[in-house]
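Student: From just these sequences and the hints, can you work out the full model?
Chain by chain, the residues:
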Amino acid sequence: MKPLSLYIHVPFCRSKCAYCDFASFPGREGEWGQYFEALWGEMEGWKDGLSGCEIATVFFGGGTPTLVDAGYIEQTLARARRIWPFAPNAEITLEGNPGTLTLKKLAAYRRAGVNRLSMGAQSFDDGLLKSLGRIHTAAQIGEAVRMARDAGFSNINLDLMYALPGQTMAQWRDALEAALALGVPHVSAYSLIVEEGTPMAARVASGEAVVPDDDAVNAQQQLALNLLGEAGLARYEISNYARPGFESRHNLVYWNRGDYLGLGCAAHSLVDGVRFSNPATLEDYLSGTRRLDAQRLTAADAMEETLMLSTRTTRGLDMAAWAAAFGTPFERGREAALCRLEQGGFIAISDGFLRLTPRGMQVQDAVVLELMEADE
Amino acid sequence: MSYDQSRIRNFCIIAHIDHGKSTLADRILERTGVMKQRDMTDQVLDSMELERERGITIKSKAVRMPYVAKDGKEYILNLIDTPGHVDFTYEVSRALAACEGAILVVDASQGIEAQTLANVYMALEHDLEILPVINKIDLPSAQPEVVKQEIEDEIGLDCEGCPLVSAKQGIGIDDVLEDIVKNVPAPADDADAPLQALIFDSYYDNYRGAISSVRLKAGSVKVGDRIRMMAGNREFEVTEVGAYLPLGYSPKDSLNAGEVGYIAASIKDIADIRVGDTITLADNPAAEPLPGYKPVLPMVYCGIYPADGADYESLRDALEKLRLNDAALSYEPETSVALGYGFRCGFLGLLHMEIIQERLEREFDLDLVTTAPSVVYKVVRTDGETVYIDNPTNLPPVQEIDWMEEPMVDAQVITPQDYVGAIMELCQDKRGTFKDMKYIEGGRVLLKYDMPLNEVIYDFFDQLKSRTRGYASFDYELKGYARSDLVKLDMLLNGEQCDALSIIVHKDRAYPRGRSIAEKLKDAIPRQLFEIPIQAAIGGKVIARETVKALRKDVLAKCYGGDISRKKKLLEKQKEGKKRMRQVGSVAVPSEAFMAVLKMD
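Taken in order, these protein sequences are the chains called A and B.
The opening position of the first sequence corresponds to residue 1 in my numbering, with each subsequent residue numbered one higher.
The opening position of the second sequence corresponds to residue 1 in my numbering, with each subsequent residue numbered one higher.
Source of the hints: derived by calculation from the structure; they are not laboratory data.
We treat Cβ as the ideally placed atom computed from N, Cα and C, and that holds for glycine.
Treat each hint with caution, since some may be false.
[As the list claims (entries may be wrong)] Derived, one-sided and incomplete: chain A residues facing chain B with beta-carbon distance under 8 angstroms:
1) 3
2) 7
3) 15
4) 75
5) 83
6) 89
7) 214
8) 222
9) 270
10) 272
11) 306
12) 308
13) 363
14) 369
Tutor: The following block contains the structure:
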């Protein structure tokens, strides 16, 4: 049976964070029920089209999936199981905010089959947390992790952010060490992206907030690589670190271009070589609009995607698989660029894989651009 | 109306930029009824989009307006529009030669500006009757009496009873028309003498071929006549003559002495019509041409390349089309290692160059890369041969050069007294040699300098503007060549010479110019994976260096929820950007960088 991953978007949160430009809407509790009804309806609609599949991973993302009543999560999984068989070891992740967790909720998730928790910690400095608009404190993060353990979760991720305005190297070190002290097997360390239209962008534009320069950001990233690595959490993707066996299988599906179906508002999908997405506003989604921008990928698209996604991972680009899939060796027409990049210390090629070095990962976009076009 | 010279008035309008020339012209067209109000777009005579936007007039045009004056008689008013910029002085002079009178529009709050003064003097040289008109009297800051006094003091024109108007509000337009009828002399040309028609403009019409805009100074011309271009020495048969309407043609049986109009004669090549030339009849030629034909020579050259090499053919077609309407534009194919296939183009001056570039980009939707403008250098080689070089890349090796000469200009600056010091300093900086200083009316000073043209085309205008807050006006005329200590300054990117960035410069300026260009390039070239050394060199000697540091960080942190569309878009954008860059060795150079050599801070 064909493995399929499900992404379920929960577009609700208690309040919008200063940097957030995701489809997430504070308040609107009155619409939760209506939303999940619509989402379940969308899921039902795939019953025939995706009948031969087996669910390999499920990811509840947001927004704040832990904000809504646990019953919605339970029901969503129950309904999915009625449509598709689940692989025995299916990874089922729920994203959550430490400020919204209770032992009772956690127990309910556990009962529903959730076996991985991904928590947005972001920082362990209360001042920074406040400036980001987070609704929780540093203490609540530790509390949430302990509760999760009590509820039976061992596969726990903490999201951390660096490149924050005003964030010192010491604060960043504290965050990494605090996360490690909690003993979680997975950490995602994201460099802040200042998104247009967010309060953060306005602060940066006005000069109220100053983002650190590239060298400072690289130093923070290097610190994460070192500290997490020493603690046994190896980097397996540009922003992701895990103890062996605790890598997020769901996220690896994105980078390996496996099939995934996104359900709900603003969710993105790749199914049978077609990319599509749902509308980004709640109104459009609730009014029944689905599957926008459907694009059947050409071989050239697939090549581009493979290059830009696989080089995010430490596994790298599988050159034998490339040749098999596209009928042409990856190196052809790229000899000069590969040579230059290898000499420059941006890439390493060994046992049939092209991998970006840690330096190469700092400039992944530029490296990909160099390799994008093969000469005739 | 039958032909009667005493009922013809040929006039033009002189005004400082922004003083309302085009608006007044519009009101006159409206008032005489040749343009109905609903047909009016602002500034009808400035039909090119670019002209309207920049508020300047590029090519001269003419329009014929019947007008019944208060004396009950019908008159023919011919308004001849004149370009207002120094690059087009030659065309101004030709347009003035076609008139008997000029309306001098002066802003009621600004008073006379230096640039206007230069045009007034030119009009006086052509013996034109000048009719002052005070415009913008509706503005709260208007001081018509003060401005009238200023005109009387500075130019010595009688302003008693001169029209006070607001072209914008349509106030006083009748007074202007009556003033024209009363005070612009009727032409007094000999209708029976052999034909002498002065060409004051030419352009290309898809149906009629190349067309001459003419003022008949003697004789007459009709359809079927065989005409001869006296300087061009070519003959054609007239297919159509007529007068101009604001938006079209009004064919007539004949054109007679004193009249303004057009002559079409199935002329395929615009180059056969030279502005300033005299048209006469082949079988009854005038003894002499009218004074004034000067061949137009390009003074400034630059390389124009398509940003996307695939657009080379489109660029050639576009240049060909522009050339039809602009005999002063010249172009020849050239190739550059850095920029590929393109054209070496010649222009009358910097504004002309900018206008052509903009028209290519706008009217033909082309993305261009242009190189630094260059003048034509004279190189005397050690073997005695003299060559003219308009592209620094073609300069012979140093050991083959005996000496070099550069074009010089007579430069004239008219400025309020306060800025004399600043201008003298600027002219000195630009290797100018002081010739003369004269006090003229109204506390103004006329400064004369000999100056190398290559300094004028660099950033002289910008500097003059900023140092005199726009109050000084500047004019120049080519004067010949002078020996000069010139060197070729090359730019190296990552050790590789980039031909499109080479310039010829005076030895004493080479070091600061090299430094400035290196700094500009450093800012214009985006960081790349590898560090890029930028060097300025003369011969093999490096005189300045800068470094574009390697890219430190360029990665998207996250593809949220499997949404890779943003990352794809970003890459698409970067790919697009990369396509617009030029590869110089291993360095990707954006188009803008080639303009970096143009401007100082």
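Student: Evaluate each hint against the coordinates.
Tutor: Now the hints, each set against the structure:
This hint is violated: residue 3 of chain A has a C-beta 15 angstroms from the nearest C-beta of chain B, more than the 8 angstroms allowed. Given the 8 angstroms rule on beta carbons, the hint for residue 7 of chain A holds: about 6 angstroms separates it from the nearest Cβ of chain B. With a least beta-carbon distance of about 19 angstroms to chain B, the hint placing residue 15 of chain A at the interface is violated under the 8 angstroms criterion. Annotation: residue 75 of chain A was flagged as interfacial toward chain B, and the flag is violated, the nearest CB pair being 21 angstroms apart, outside 8 angstroms.
Of the supplied interface hints, the one on residue 83 of chain A is violated, with its beta-carbon coming no nearer than about 20 angstroms to a beta-carbon of chain B, more than 8 angstroms. Residue-level restraint check for residue 89 of chain A is violated (minimum Cβ-Cβ distance to chain B is 21 angstroms; threshold 8 angstroms). Below 8 angstroms, beta-carbon pairs count as interface contacts, and residue 214 of chain A has one with chain B at about 4 angstroms; its hint therefore holds. The interface hint given for residue 222 of chain A is violated, since its Cβ lies 11 angstroms from the closest Cβ of chain B, which is over the 8 angstroms cut-off.
Here the hint on residue 270 of chain A is kept, as its CB sits about 7 angstroms from the closest CB of chain B, short of 8 angstroms. For residue 272 of chain A, the suggested interface contact is broken, since its CB lies about 15 angstroms from the closest CB of chain B, more than 8 angstroms. Among the interface hints, the one on residue 306 of chain A is violated; its C-beta lies about 11 angstroms from the nearest C-beta in chain B, farther than the 8 angstroms criterion. With its C-beta approaching chain B no nearer than about 6 angstroms, residue 308 of chain A sits inside the 8 angstroms limit, and its interface hint holds.
Interface hint at residue 363 of chain A: satisfied, since its Cβ lies 5 angstroms from the closest Cβ of chain B, which is below the 8 angstroms cut-off. A cut of 8 angstroms between beta carbons decides the hint on residue 369 of chain A: the least distance to chain B is about 5 angstroms, and the hint holds.
Of the hints listed earlier, those the structure fails to meet are numbers 1, 3, 4, 5, 6, 8, 10, 11, in rising order.
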